[in-house]
Every structure is written in C-alpha cells, then in structure tokens.
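A.B. asks: Sequence:
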Amino acid sequence: MSNIRIIQTLLRNRRSILSSFTPSFWYLKGKGISLIPSSQFPSFRNTRLLPQVSFSCSTLRFVNTAASSEEDDDDDSSDEELRLQRETSEEGETSDGWEEEDEAEPRLGDGGDGGGVDLQGVPWGQRALSIAHEVLMKFSNDIELFSFKTTTRGYVYVRLDKLTHQYGCPSMEELETYSQEYKKRLDEAGTLGEIPDNLALEVSSPGAERILKVPEDLNRFKDMPMRVFYAEDAESSCVEKEGVFLLVSTEKESENCVWKLADVKDNRDPSSKGRPLSRKQKDWRLNLPFNMHRRVTLYLEF
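Take the sequence shown: its position 41, counting from 1, is numbered 41 in the UniProt record's numbering, and each next residue is one higher.
Because the hints were derived from the structure by calculation, they are not lab data. Virtual Cβ for every residue (Gly too), placed ideally from N, Cα, C. One thing to keep in mind: the hints can contain errors.
[Said to hold, decoys possible] Mimicking DSS-like on lysine-lysine, the simulated pairs with C-alpha atoms at most 25 Å apart in a straight line are:
#1 LYS241 with LYS265
#2 LYS265 with LYS252
#3 LYS184 with LYS138
#4 LYS213 with LYS260
#5 LYS280 with LYS241
#6 LYS260 with LYS241
#7 LYS265 with LYS280
#8 LYS184 with LYS222
#9 LYS222 with LYS280
#10 LYS213 with LYS252
#11 LYS260 with LYS273
#12 LYS265 with LYS282
#13 LYS282 with LYS241
#14 LYS273 with LYS252
#15 LYS222 with LYS265
#16 LYS252 with LYS222
[Unchecked claim] What follows is a list of derived Cβ distance ranges for each label pair:
#17 ASN141 with ASN219: 46 to 52 Å
#18 LEU300 with ARG185: 33 to 39 Å
#19 GLN166 with ASP233: 18 to 24 Å
With the hints as extra help, turn the sequences into a complete structure.
C.D. replies: This is the structure in structure tokens:
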C-alpha cells in the first residue's frame, strides 16, 4: 500500500467510557509512515495535530489513497481537501475518503457491534480472516477477535476485545502494534496475489453498543449495569420491554437469568431528588429464560 493516510479517530456512534483515557486525535499523510504512540508524536512537516478529546475505544485506520506523485508534490495545496471533516456522502464515504460502517441496528454475528464474522461473500475474506487470527497469536491470551468484517469495496474492519479490561478495550499500544503487524501481513499477501493489494483497514475495540451474548458474556460484566431488551412470553407478537438491570445469577440447568434493578438514574423516581432505590425496588427480581432475552448491552450513565 502506497501513500498511506493513517488516522486515529473516534468511532462513529461510540460513547466515552473511560474519562482517564485521553489520547490525541491526529492525522498523518506521507509515504512509509508507521503508527506512533500518542505520547511520541512525530514532527514531519505535513503532520497536523488536533486538540485532545476524551474517549475510550479508539480506531486506527489505514486508508489506501491511491494518490498520484503530483499530489504528493503539492501537499500544501491539498490541505483544504484533506481536512478531517465528518461529512458523509450519499455513497457512504466521509470526506476523508473513508467508508463508514452501516448504521443498521446491531445484531448478533453482524461483524460489528454484534460480534462474529461477516465476510459479505468476498472471495478474499477468508484469507484476510485467517491472517487476522495468525497475527493475534502473537499477543497475550486475554486479547481476542471480537468481530471481523470485510466489504465488497475492499474495507476490512477488525474489533479486538481485551478480556481483562473492564470494558474490553485494549490499550492504544496494543491496537497500534496489532494494526502495524496486520497491515504488514496484508501487504505481503497482496504482493503474492492472495488478496487485493489496495485494501483499507480499520482496527478498533468494541464500543458501548456491543451486544452481549446470553449467557456467555453476562458473568463477565455482572458488576456493571446492563440494558436488557426482553419479552415476557415466547409469542413473536409480544411487546418488547426493556430495563436497566444488574445480574444476580445465571442458572444454566434451567436456562434462566435472575436480574435486579440497577441503582441508576433510569430507575429512580424523578421527584426523589437523587435518593437511592426504595426497599421495594431493591427487592424486585426478574426471572428471565435465556431465549426471552432479545438484546443485552452495557449501560453507561451520563
């Protein structure tokens, strides 16, 4: 891949999780420039640093710009064109040339916030996926592939999950290291003709919208409030309900979850002026079969 634009940016529709994690938002244009930790920003003449922003789950993007040599010789004149704007065209690409993921409602196995793998039928998808797994073997056992997606337009989306982190977010160093190694392996495979040689890569960590698998993921986040969408009977026409709960227990033999109300703003009486839950609310329990859970996500209170 030549003329690489390396962008570290916020995931669209991602919410801030860790206020203490504040890397800078930066942009690089040039040839053969590798990712550099935010604490060691380079001083290339065509490097632009933007103000700091607070966020948790970051995105690292490698975009193949396919720019001509004439454009490289005229960086200054293209500054306006290359500004990082968050405008999206009708074709689904932002003004910096990046194709944003579809904003469809997340679902299990969608290759995005729902986890799993979605190759969208591209012939090179399986090879790109196998390389992603091979690179991951060089990391500690607490980092896993949360989701993987390829698109017909040559985009590769990877989300890494860190099992030992409260929210599943790998560090910036881990994301950068993985991105560098994976990009290198993709370039090598492209040179051999195994995959296209002009792929665009995005590596990130799951956002707050990640869908939790029932019951597999629940105990991992049992100390955190979760937003639960559920049905009270098996009828498909049953009205879906939702609540913000804490997990009490999962009962594998009976395939049942026990939930209680989380002491969060959504569950408090607006007129209570911040008082905690009542005794009746604290004693309330919801026994819910696994198959009655429609969707479970992490809950963040702002």
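A.B. asks: If a hint holds in the structure, say so; if it doesn't, say that too.
C.D. replies: These are the hints, each one checked on the structure:
1. Distance check on the hinted pair: LYS241 and LYS265 sit about 18 Å apart at the alpha-carbon level, within 25 Å; holds.
2. In summary, the hint linking LYS265 to LYS252 is not supported, as the alpha carbons are separated by about 31 Å, beyond the 25 Å threshold.
3. As the CA atoms of LYS184 and LYS138 are separated by approximately 14 Å, the hinted pair is consistent with the 25 Å bound.
4. Only pairs whose Cα atoms come within 25 Å are accepted, and LYS213 paired with LYS260 is accepted, the gap being roughly 19 Å.
5. Straight-line distance between C-alpha atoms of LYS280 and LYS241 comes to about 20 Å, which keeps the hinted pair within the 25 Å bound.
6. With a C-alpha separation of about 15 Å, the suggested pair LYS260 and LYS241 falls inside the 25 Å cut-off, and the hint holds.
7. A threshold of 25 Å between alpha carbons decides the hint, and for LYS265 with LYS280 the separation of about 16 Å falls inside it, so the pair holds.
8. For the hint linking LYS184 to LYS222, the alpha-carbon distance of about 38 Å lies beyond 25 Å, and the restraint is violated.
9. Between LYS222 and LYS280, the direct Cα distance comes to roughly 22 Å. Compliance with the 25 Å bound is thereby established for this hinted pair.
10. Proximity of LYS213 to LYS252 is assessed by CA-CA distance (about 14 Å); at most 25 Å being required, the pair is judged to hold.
11. Of the supplied pair hints, the one linking LYS260 and LYS273 holds, its CA atoms being roughly 22 Å apart against a limit of 25 Å.
12. Between LYS265 and LYS282 the CA atoms are separated by roughly 14 Å; this keeps the pair inside 25 Å, and the hint holds.
13. Straight-line distance between C-alpha atoms of LYS282 and LYS241 comes to about 19 Å, which keeps the hinted pair within the 25 Å bound.
14. For the given pair, LYS273 sits about 39 Å from LYS252 by alpha-carbon distance, which is inconsistent with the 25 Å threshold.
15. For the suggested pair LYS222 and LYS265, the alpha carbons sit about 19 Å apart, so the restraint of at most 25 Å is met.
16. Distance hint between LYS252 and LYS222 is fulfilled; the C-alpha atoms sit about 15 Å from each other, no more than 25 Å.
17. Evaluation of the 46 to 52 Å hint for ASN141 and ASN219 yields a failure: the beta carbon distance comes to about 18 Å.
18. Distance hint for LEU300 and ARG185: a CB-CB separation of about 35 Å, consistent with the stated range 33 to 39 Å.
19. The hinted range of 18 to 24 Å is not satisfied by GLN166 and ASP233, whose Cβ atoms lie roughly 35 Å apart.
Checked against the numbered hints listed earlier, the structure breaks hints 2, 8, 14, 17 and 19; every other hint is satisfied.
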